[in-house]
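Undergrad: Each chain, written out:
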Amino acid sequence: MMANMGIAFAILGAALAACLAGAGSAIGVGIAGQAAAGVTTEDPAKFSKVLILQLLPGTQGIYGLLIAFLCLSNVGVIGTPVEISLAKGVMYFFACLPMAIAGLMSAIYQGKASVSCISMVAKRPDQFGKAMIFPAMVETYAILALLISLLAISGVGAINI
Amino acid sequence: MAVLQMQRISICALKKDRKQILELLQRRGAVELTDLPLQDQVFGKSDTQEQKSLFEKAASTASQAVDVLNEYVPEKTSMLAMFEGRRAISGKEYDALCGKRDEIYETASHLVSLSKKIAENRAELVKLQTQLDQLAPWAGLDVSMRFTGTRTTAAFIGSFAEPLTLEELYRRVAELAPEVQAVNIDLISQSSEQTCIMAVVPRGDAPALEEALRSMGFMRPPSPSKLPPSEQIGILSQQVKEAEVAVQSAQAEIISQAKARESLLFLSDYYTMRAERYQAIGCLSQSRSTFLLAGYIPKPDAAALEAALTSRFDLAVELEDPGEDEDVPCALRNNGFAEPVEGVLESYGLPLRSEIDPTPIMACFYYFLFGLMFSDFGYGALLCIGTGLVLLKFKNMEPGLHKMIKMFFFCGISTAAWGIVFSSYFGDVVNVVSRTFLGHEVSIPPLWFLPLNDPMKLLVFSMAVGVVHLFTGLGIQLYLHLKHGDYKSALCKVVFWYMLVGGLIVFGLSTDMLVSVLQLPFAVPAAIGSVFGWIAAVGAVGIVLTNGDGSNPAVRFAQGLYELYNVTGYLSDILSYSRLLALGLATGVVGSVINQMGSMGGKTIPGVILFVLVFLVGHVLNFGIELLGAYVHCNRLQFVEFFGKFYEGGSRPFSPFAAHTKYFKFKEEN
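Chains as they are written, first to last, in our numbering: chain A, 23 to 183; chain B, 432 to 1101.
Quick caveat, the hints were computed from the structure, so don't treat them as lab data.
Backbone N, C-alpha and C define an ideal beta-carbon position, used for all residues, glycine too.
It cannot be assumed that every hint is accurate.
What the hints assert, rightly or not - Here are the simulated DSS-like cross-link-like pairs (lysine-lysine), alpha carbons at most 30 angstroms apart as the crow flies:
id, chain 1, residue 1, chain 2, residue 2
1, B, 824, B, 1093
2, A, 152, B, 924
3, B, 483, A, 145
Claimed, not checked - Covered by chain A, per the in silico footprint, the following chain B stretches (three or more residues, Cβ under 8 angstroms):
id, stretch
4, 571–585
5, 1004–1011
Chain A extracted, bound-state conformation:
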């Protein structure tokens, strides 16, 4: 029984990465979308600019998907099945956590930054280049988390336990 729990933990990690990061992106893109819709009502010509700003918090969901996929293919749920010990499964679980948690929080706050930048573009459309940078600053931390999850998952694969 316990021997089989390894893979369950690994899948829990993958599911959390996809769920939390995806949920964060959904919230972020959602609130940014409300602001974008408001701006587009007033000035439909700004559609493409506010759409880009709305999409910025959407990347965390993709990073979460990426980590989940890597984890699932490493433990053999996708592709060729492999034997996963309990310790290794728990390692995969922890390896997924940075992406899951940082993805969730950073996407929500990136969404809030996007909302402010959308109202900035509404008033000063010429400052679009700068408006794009503020939400991108928040994303840095999702990228750092992605990096650690990525390195951890590929590292765990090489450990023999």
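Chain A is fixed; fit chain B onto it per the hints.
TA: Using the frame of chain A, we list chain B on its own:
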């Protein structure tokens, strides 16, 4: 190339040539006018605000007329119309349309008034319809709704807010007013919400009946018509018809004017130009028969303009270099390779007078980093072909858009190249298709290595790229200090930092810990490592000792220490380049996920159909999102990490006196 050198230009000319000279300047669009404050007994300024707003009003009337046409006769535009740019108009066409401008203006006003008429009639229709709705229950009444009775009888016309039958009405009246002997009630209409009646009684019983009716909830109509309702309805219906006909005829008339669209657009541009010219006149200083004009002109354009002016008019042109503390506008000029990223620089801020134009250096890094983040041959090729076709097909694109499309073209080339280096072709489509549908797996070997198999190697490479990028930025700062002869700053702010950061990196590479963490295949020998360690120490001491500017040595030392703390900034800057790895991997892995999902149907006909569908939808989505990600993060690396090392920006952009038209280009003919 880089930042264009500006010169001050002053022109003194005869007033009789004013119109022609201004027209010439406007068409050339090379001079930014400055408002001349000169006013004395000889020179004065003319207030042109009034004419200017008159022309602006005419231009907006023309645009409104075009809007009216667009509403009733929509113009068919394709998706690609945005690339087309303004149409160039020949001198002949210009003169022909110019001659007809009053006529066109009349058309424009007429169109605007027609649209106003339609709006008015539509409002009228709504009002009439409400009145008709109110009258409808009374259609059966054949006397006026204001009828109160004859000499001997009294009539009550009104309604109850509930459905009542005739019997019920008689019963209630009898209960509430038993003394009333003779009453006649006519039911005019009945619905679930109201009952409309007319009651007639002898004059003597009127007060008693009225009392009874009121306690039953009787209400007189709010706006009774003078005429009997049926007649009134007829009149209103007639008015409705008239309003409808008026709307239709106005619409038909608007539609018949559809051909006027081009000339209306011309008119809008024409008056916009004239308004701009009058604004320019407001900047001039004028005497009775001469005027003075001053402004800035890019040096390369100055000689040609001077020649063009002096050959045609009697005037004096003077060119001089601007003074040190003048607020000179900034314009850039770069070659075809660097020019496309000017737009990115503009969105950050144009270089100050003390700075250089970083566009050419930035362009190299921009394409390089963008490609590294997008890194897929398929996506790169798509981007290249798409933007290439647009560039070929639409030669007349507006400059800003043209730059951007061209930038993505170069980025596409770089993306495709990195895709080959890391063997990414729409993710791993070659492997998946060959494995699923052909039976044996084929894979294209990467030129360098597969990032997913060795992410550490790509991480180290990304950070190395980051170090090069940052050191280049620092190098530009060094160049600027040396150019201004500020050798102390060059040493304290740049050389010591080179020593500290560079020394620390080499020293770190000689330690076992870092070498094993980064999985490097080599290690710097300990001896060299310690030499660089000492170099770093010298740099650190230099920074602490020289970067303070207080008078108190202790304060200076503290300031120096604080400056040294910036070394953490370098650490985070270098780590920031790890996004190159993360985004690069994301493109490939998400692409692989899509391919894998598509191949789940196996080697069957539905399986192939599923694969094609998933492939198309999935890769279009991934392409869009990764393109956006690469663009945003490439900008960030330039703005925050690279510019942070040397660039401030914020110069005033050069905005020449020119024809800022929306629809047509008026070429300088010669």
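Undergrad: Taking the hints in turn, state whether each one holds.
TA: Checked hints:
{"no.": "1", "hint": "B/824 to B/1093", "result": "holds, 21 angstroms"}
{"no.": "2", "hint": "A/152 to B/924", "result": "holds, 27 angstroms"}
{"no.": "3", "hint": "B/483 to A/145", "result": "holds, 26 angstroms"}
{"no.": "4", "hint": "571–585", "result": "violated (count 0)"}
{"no.": "5", "hint": "1004–1011", "result": "holds (count 4)"}
Hint 4 from the earlier list is the only one contradicted by this structure; the remaining hints agree with it.
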